[in-house]
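Given chain F, put chain X in place with the hints provided.
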Amino acid sequence: MNLRKLTGAAVAAALALPMFVSGANAYELVIPSMDYRTGPFAPNGIVFANGWSDYLTLLNERDGGINGVKIKNVTCETGYNTKKGVECYEKIKGTPPSGALLVQPLSTGITYQLIPKASVDEVPIFSMGYGRTSAANGKVFPWVFNLPATYWSQATGLVQYIADQEGGLDALKGKKIYLVYHNSAYGKEPIRTLEAMADKFGYEFRGLPVDSPGQEQKATWLQIRKEKPDWVLLWGWGVMNQVAIKEAASIRYPMDHFIGVWWSGSENDVLPAGDAADGYLSGAFHAPGGGFPLHDDIRKHVYDKGLGKGDRDRIGEVLYNRGMVGAMWATEAVRKAMEIHGTTEVTGKHVRDGFEALDVDEARLEELGLGGFTYPVKITCENHEGSGKVAVQQWDAKAKQWNIVSKFYEPLRDVTGPLIEADSAAYAAENNVTPRDC
Amino acid sequence: MAFDIFLLEVILSGLMTGVMYALVALGFVLIFKASGIFNFAQGVMALFAALALYDFLAEDGWFFAVFGFTLPVWLAIPATIVVMIVLAWVIERTVLRFLVKQNEIILFMATIGLAFVLEGLGDLLFGSDVKPLDIGIPQGASDWLLDSFNLYIEQLEIFAAGTAAVLVAILAIFFQRTRIGRALRAVADDHQAALSVGVSLDKIWVIVWSVSGIVALVAGIMWGSKSGVQFSLSLIALKALPVLILGGFTSVPGAIVGGLIIGVGEKLAEVYIGPIVGGAIENWFAYMLALVFLLFRPQGLFGERIIERV
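Chain order of the listed sequences is F and X. Here the first sequence is numbered in the numbering used here, starting from 131 and rising by one per residue. Here the second sequence is numbered in the numbering used here, starting from 697 and rising by one per residue.
Be careful, since some hints might not be right.
[Unchecked claim] Label pairs and their computed distance ranges (CB to CB):
# : chain 1 : residue 1 : chain 2 : residue 2 : range
1 : X       : Met984    : F       : Asp329    : 29 to 37 Å
2 : X       : Leu821    : F       : Gly499    : 33 to 41 Å
3 : F       : Thr510    : X       : Pro971    : 57 to 65 Å
4 : F       : Gln243    : X       : Ser892    : 51 to 59 Å
5 : F       : His471    : X       : Leu821    : 43 to 51 Å
6 : X       : Val988    : F       : Ala552    : 38 to 46 Å
7 : F       : Asp329    : X       : Asp843    : 38 to 46 Å
8 : X       : Ala775    : F       : Gln243    : 24 to 32 Å
[Claimed, not checked] Away from chain F, derived, C-beta distances all over 10 Å, residues of chain X:
#  : residue
9  : Glu755
10 : Leu767
11 : Ile773
12 : Glu800
13 : Ala806
14 : Leu842
15 : Leu867
16 : Arg873
17 : Lys899
18 : Val902
19 : Leu985
I should point out that these hints are in silico values taken from the structure, not numbers from a laboratory. These numbers were taken from a predicted model, which means no experiment stands behind them. For every residue, glycine included, the Cβ atom is placed at its ideal position computed from N, Cα and C.
With the rest of the complex left out, here is chain F (with noise of 0.2 Å):
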């Protein structure tokens, strides 16, 4: 945040002072927001909290917060670090006066670090489309959430992208796909699905891991420079993807061949390549732009009165929307937990029965004024993921825009699905967890 902004929001802070003077004895809906604003990884991290605490304070503004309860949007610095993260944790999980009704990490590192509190403290996780894979499986965790798809989900996904543009599944055959990924715990999650259907489509697969932050790469491009790789598949965040976009763009590999997972996918990694970015694809469960009815309620009930968190003019950015569509996902979770158990005061416990219950259709996104930006979402007690369906967006640079270029791709269950049961099953087993009947 730079002075200006933070004059602002000192100014808001001290008009707003009055509202939370009075409502101090009524019941608030503790939603937190686990952000990186400072630090390496700040200038995704600040976009993605921006979209999270403006819809927040959205609902809040026009509707009263929750069928009339307030929001308390409590946030902590994580600077994507994973102690500092469980550090977080440990200090927002109890915020009176409801507790935190659900995490949001931000970050895989720290959400396998929370997974064996989250029971204990009756806290939801909720990684939108991050974190462990397997935690897809309610039975074995029962209080995890990663909707609305897993990147397991997502490998599966881009394969299918990639055989649609090579002739079929039949023709990936002997192709090279390689992995570019960040060496840490997220970077390395697709890797058993990328394997496992390389067992299955015959195609050459290899990984090569970057340290983060990433900021010098060579050696790895280098090699993919002498070995041409058909197709290379990015998993990186921060620096590290502006970086692997211009190296990319430097050995002249085509962009329309270079796919980034969605934490690879916005304007921060493709604006510093310029124009040589142009082309290069990345996942997407939603779509990028800000011209949708939500969009203009954020406008004129948040950024009007000066409550916006960010600029203006960011609004629509591919992260921003991203954490939009979290703090949507959470809340409408926290509105059926609501309604589920008939009160307004509800706890972590209720919105982990919210989550699991979560329906959001077409009909309750065009009521949102969400049509058409993401596809319905149906949570179950054995699936917490929802459908996983991703597609694949492409850069712009002339126009300076993301497009939507596929369909939304199913993903191959036949071959995510064993290696969920494997890996949630390897998991009861090291923390004795005796599955849920579901």
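Just chain X now, with coordinates in the frame of chain F:
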């Protein structure tokens, strides 16, 4: 692609990357040489310089907000140099002058604090967004080398190598041929003795931190052009450490040669050993290489010999 061409590419890319590391290491050497301080804030100074330069050039910065226009590159660079000189003066006035007679470890700790303050100040003043820096340095592969010889070398890194050569020549002349340079070396040898012959320590420290700030600006421009100006840029200081251990903390040529050895070593290791052990070894390999040198030559390749008399 023939194997020998690939090997040549790896070596050349390593050399070029090594120059980029050396640009950061040079800033450390200058301050250590002249004052015996290991400046932990050198990486953040490179970041701060790049942020300031971007601010003079961009329409979303303070400069444009206040004056309503941006500066051309040829004016923005001198303006940033002025910012770095003012920063050096402020550091001397608010930190260094109070620690003159303190142990070196105290001065080192002070620079750790300085790094955090500068990083926070940079965040407050300029924001944390990625800032694309384009001052006209050619980028991407050299088309001529690629098309004529199928040889891939980054134009930015060739430019950085040329810049480093000029920088080293200027610094060599500055240290060897000028009165201020000699005074800097006198202070480095013995603060008290230098003071006793009339060398102004305050002035010398402002000068050396200013020069180091200018070197940080050069490093910030090169790294900022490569990946955009962003806060991860401060972490390039970690890449300079093995270079310093290898080249010696007090030698300008050592920083360059150390950078080249580390650059080539880590690239060869990543490409040829990495696949055998799972990859991502270049970071720790650089430190391992430096530690091996440390065992046999604790002062580094070009450092001043450590003589302890008992």
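Results for each hint:
1. About 35 Å separates the C-beta atoms of Met984(X) and Asp329(F), a value consistent with the hinted range of 29 to 37 Å.
2. For Leu821(X) and Gly499(F), the hinted distance range of 33 to 41 Å is satisfied, since their beta carbons lie about 36 Å from each other.
3. The given range of 57 to 65 Å is broken by Thr510(F) and Pro971(X), whose C-beta atoms sit roughly 43 Å from each other.
4. Between Gln243(F) and Ser892(X) the beta carbons are some 58 Å apart, a value that agrees with the proposed interval 51 to 59 Å.
5. The given range of 43 to 51 Å is respected by His471(F) and Leu821(X), whose C-beta atoms sit roughly 48 Å from each other.
6. Judged by the Cβ atoms, the range 38 to 46 Å given for Val988(X) and Ala552(F) holds: they are separated by roughly 43 Å.
7. Our hint of 38 to 46 Å for Asp329(F) and Asp843(X) holds, since their Cβ atoms are close to 39 Å apart.
8. Between Ala775(X) and Gln243(F) the beta carbons are some 46 Å apart, a value that contradicts the proposed interval 24 to 32 Å.
9. Every Cβ of chain F is farther than 10 Å from the Cβ of Glu755(X); the closest lies at roughly 12 Å, confirming the non-interface assignment.
10. Distance to chain F confirms Leu767(X) as a non-interface residue, since its nearest Cβ pair spans about 20 Å, more than 10 Å.
11. Ile773(X), annotated as away from the interface, keeps every beta carbon of chain F farther than 10 Å; the closest lies near 20 Å.
12. Against the 10 Å criterion, Glu800(X) stays outside the reach of chain F, whose nearest CB is about 29 Å from its own CB.
13. The non-interface label for Ala806(X) is consistent with chain F: the shortest C-beta to C-beta separation is roughly 22 Å, beyond 10 Å.
14. Annotated as non-interface, Leu842(X) brings its C-beta within 10 Å of a C-beta of chain F; the closest such distance is 8 Å.
15. Against the 10 Å criterion, Leu867(X) stays outside the reach of chain F, whose nearest CB is about 25 Å from its own CB.
16. For Arg873(X), the condition that its CB be more than 10 Å from all CB atoms of chain F holds, with the nearest at approximately 35 Å.
17. No Cβ of chain F comes within 10 Å of the Cβ of Lys899(X); the nearest lies about 32 Å off, and the non-interface call holds.
18. Its beta-carbon lying about 27 Å from the closest one in chain F, Val902(X) satisfies the requirement of being farther than 10 Å from that chain.
19. With 10 Å as the threshold on Cβ separation, the claim that Leu985(X) sits away from chain F holds: the shortest Cβ distance comes to roughly 14 Å.
Checked against the numbered hints given earlier, the structure breaks hints 3, 8, 14 and satisfies all the rest.
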